[in-house]
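Reassemble the complex: the two chains are provided individually, in unrelated frames, and hints are given to aid placement.
In order, the protein sequence lines correspond to chains C and R.
Residue numbers for the first sequence follow the numbering used here, so the first one is 1 and each next one is one higher.
Residue numbers for the second sequence follow the numbering used here, so the first one is 1001 and each next one is one higher.
Source of the hints: derived by calculation from the structure; they are not laboratory data.
Treat the hints loosely; a few may be bogus.
Here are the simulated lysine to aspartate or glutamate pairs, EDC-like style, with alpha carbons at most 20 Å apart [what the hints assert, rightly or not]:
#1 R:1054 / R:1101
#2 R:1121 / R:1386
#3 C:67 / R:1386
#4 C:72 / R:1015
#5 C:61 / R:1015
#6 C:62 / R:1101
#7 R:1058 / C:88
#8 R:1315 / C:88
Given the structure is predicted, the values throughout are model-derived calculations rather than measurements.
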Amino acid sequence: MKAVITVIGKDKTGIIFGVTSVLAENDVNIMDINQTIMQEFFTMIMLVDLKGMKGGFEELKKKLEKKAEELKVTIRIQHEDIFNCMHEV
Amino acid sequence: MLNNRNILETINMIEKENLDIRTITMGISLLDCCDSDGEKARQKIYDKITTLAKDLVKVGEQIELEYGIPIIHKRISVTPIALVAGCSSDTNYVEYAKVLDKAAKAVGVNFIGGFSALVHKGYTKGDRILIDSIPEALACTDLVCSSVNVGTSKAGINMDAVAQMGRIFKETAYLTREADSIGCAKLVVFANAVDDNPFMAGAFHGVGEADCIINVGVSGPGVVKKALENVRGERFDVVAETIKKTAFKITRAGQLVANEAAKRLNVPFGIVDLSLAPTPAVGDSVARILEEIGLEVCGCHGTTAALAMLNDAVKKGGIMASSNVGGLSGAFIPVSEDEGMIAAVECGALNLEKLEAMTCVCSVGLDMIAIPGDTHESTIAAIIADEAAIGVINNKTTAVRIIPVYGKGLGEKAVFGGLLGEAPIMAVSKFSSLDFASRGGRIPAPVHSFKN
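In isolation and in its complexed conformation, chain R is listed as follows (with noise of 0.2 Å):
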């Protein structure tokens, strides 16, 4: 039975600490769109888009209506295009982005993704497309998100795909150059990508899925923010069980909010990803929750540590929360969507060589960070082979959204707007990667990936 304090306890997260489900998530496969003429493809996927995710929004508002708790986005991921293209004789993929485009727009979603490639072993033809399509395919279309997955454990990781993309990010930035190189913020480049996540920029949906799915995303930093407010002075022990409990409540909201979904579209339920995602509001940041750990500020000594008690504490909560867990699941720490980060960025506590530490220890990697546009493509290569081989040999997923904006500095910020908010531009190193960037091949699997 219900008690009056636990009914309170709800309403206050909700109203006051920024508790809501970040986005339902349409994984919608492409397969069976493949047509070796491209027109006749890229109907098909409009057409099985339109199709299936008609319902998506009015479903995700009338939930919010009658549960009363706020469903920021919905989405779709797509089977990665460079497969479905790959069929089709065309020689360029932009037309593509633009039908997923035309087809989130008919059906009301805020992002879609899946413009991707999977070439973490090598290319195929219609891999190499779809990687030099991307710049024009991001600048042309608002809603397509698109991902490379350069490496895995199994496989390595794919130096010549990573060279590639530092060249790629460097494109995509200077064609969208209007509008501080947003282009960039819907572009990630990941190593050990996942089948099943329904955050952008990076969501597709795996060949290993079925034709069609709901994953959801909670988000809710801000509860746990507050939980631990309550917690001041207290040994580990208790701040670790205190984020789990907490964890636990927000998951189960999630799991509640994807059966309704899944039951309401007749679409199988596919996971609940446990990530806590941040947005630029005060209140609902993950710094903050770093900071309420007892960092100064974030970045300092110590950061490192509490992050990993996070992700992990957040992780038992939510896994026993769920039927299905899956997609990322950890801490999202993007510094332009998150206001603690960015502001540890602007007061110097917070730089990239700290953020690359974090990323071993919590879920996605090195988010939403601009750099000076003046990074060379082989500097910003040697970024993405500096996270790949993080995941790579921790055998979990990490990934680089990074904006090299265009005319802009030190000193300077990337302004988006929205949940993708702004980013004070952060130093990289002076020293050249160069030599290190263009040798190309394959940095072969780590020895651990040799289980069978």
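Chain C on its own, in the form it takes in the complex (with noise of 0.2 Å):
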């Protein structure tokens, strides 16, 4: 199964390394990986496969979650078919 991760926050140092650091850590591969500003707002999209991930969607979601207190960022973690489904006929 393919998940996308958006990350979104005040842009500061070490986000990119807090999140896929996490993701290493439960073996959760990074397939694709965009990160921009966007009104002052860092935003970065990722897209994982979670074929190989140790423990269970609803732990790496806990995992995630933690460490986007930690940053002070949101972090979301979605099956990609909620996006494909509603984008594409």
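The structure is reproduced here in structure tokens:
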């Protein structure tokens, strides 16, 4: 299963490191990564593959949420199909 | 390939514009639970519901977690109980409502619908007992919803049932008087009721349906409103196109959730209902969409046309997005459940007459409308007859969910809380419909129903 991770918040150093380290620890492979500053907000969108992931989806989501608190950003992880279904005919 | 703009658009819809899946409703046939011994029938009902729906809430929550889209309610609809209980020798069906309530609580769903009777052409013994049991059943249960179909385009309108439902609303209001007559919020009278409606209070599992299915109702008035904010001042063609595209996206999310839920529960997918269902929350209102189209307040002249266009555009976008569309599919206009509708009634822009006109062009009908508690039962029956006539003549579903709030009058409010919201009490005609409602009999089927 592939998922989209979005990270949005006030820009500062170490956001990408913080998020990707959680992913690496859980054997989540990053397939695509895109980062930009939109209206002063750090916005990062990642496509990840959860196939070889350690533990379950809920566990990963909780770890990312914990990291989000530390970094003072919001992190969402959602199955990619929710985006595919809405934007592709 | 996904682009970032699309991803952020979906996230904004969910986070800021209240995009959600209103309900995953599991339809369960209880036809195989019939028994001449009522006690045995009820045990079979309880066992079947708690077996088939045992994972419904868990699966709903899993999907919510993985896809990041809220699923507000998980519900169950069952075969109209009049058909099942009618096989027993019981003379009161309140116990059936209690067992539905108990089963719903055991599996953790928000509502269970199907304490229902279909009497559009006439009553069976079971129908008669069920309807007589409605007030007490709704007063002594929490999650059970009830509906009665009193007319169809093929059969005409059963005016005996219409008159009786006027009385039933009054009795239900009285028995639940401690909570602003909330029992009536769980009771709906239909013309042309549909078999696969996932929305309450009118959901029941029709007899032509499979043993168990998953139906999904989407929501998303806030998303449509936001999309229209970006086309202010444009011509109607642009407005319609914008609604259509937005409805497509909303429905696609519903279809995805429906497929996923069906797969995980190992139950066939039934339909997606395209209705734009509002909630009392700010930013989740159908009335505010109509105002965005250019009306000062919902209810002023132009409201019916705006709603007609909205309803049509939602269907056009939604039909393309789903493999099976069903249920009521249109815009809902409940008063108490829509913040904009409440405001429109309070400022005097929206009255019962205008709402009736609006029901001619959208799904459902007079929905969640509070009226004075001293309204005569014949007036309520006449309101039902008017709505049923609109449905029967125009080949569409219409419904009445009206609350004669016991002990309250004009200028006061009924407060239900939660998704049911609150309703300012609206005026009804002060002139009598007593002789009309007392006639009984049937209004024959309209001429255009004879198509064979």
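Here is what the structure says about each hint:
For the proposed pair residue 1054 (chain R) and residue 1101 (chain R), the alpha carbon gap of about 15 Å is at most 20 Å, so the pair holds. At most 20 Å may separate the alpha-carbon atoms for a hinted pair to count; residue 1121 (chain R) and residue 1386 (chain R) meet this at roughly 17 Å. Distance restraint check for residue 67 (chain C) and residue 1386 (chain R): the Cα-Cα separation of roughly 59 Å exceeds the 20 Å cut-off, and the hinted pair is therefore not satisfied. Proposed proximity of residue 72 (chain C) and residue 1015 (chain R) is supported: the alpha carbons are some 18 Å apart, at most 20 Å.
Taken as a hint, the residue 61 (chain C) and residue 1015 (chain R) pair is honoured in the structure, with Cα atoms around 17 Å apart against an allowance of 20 Å. In summary, the hint linking residue 62 (chain C) to residue 1101 (chain R) is not supported, as the alpha carbons are separated by about 34 Å, beyond the 20 Å threshold. About 29 Å separates the Cα atoms of residue 1058 (chain R) and residue 88 (chain C), which puts this hinted pair outside 20 Å; it is violated. Taking the CA atoms of residue 1315 (chain R) and residue 88 (chain C), the gap is near 18 Å; set against the 20 Å cutoff, the hint holds.
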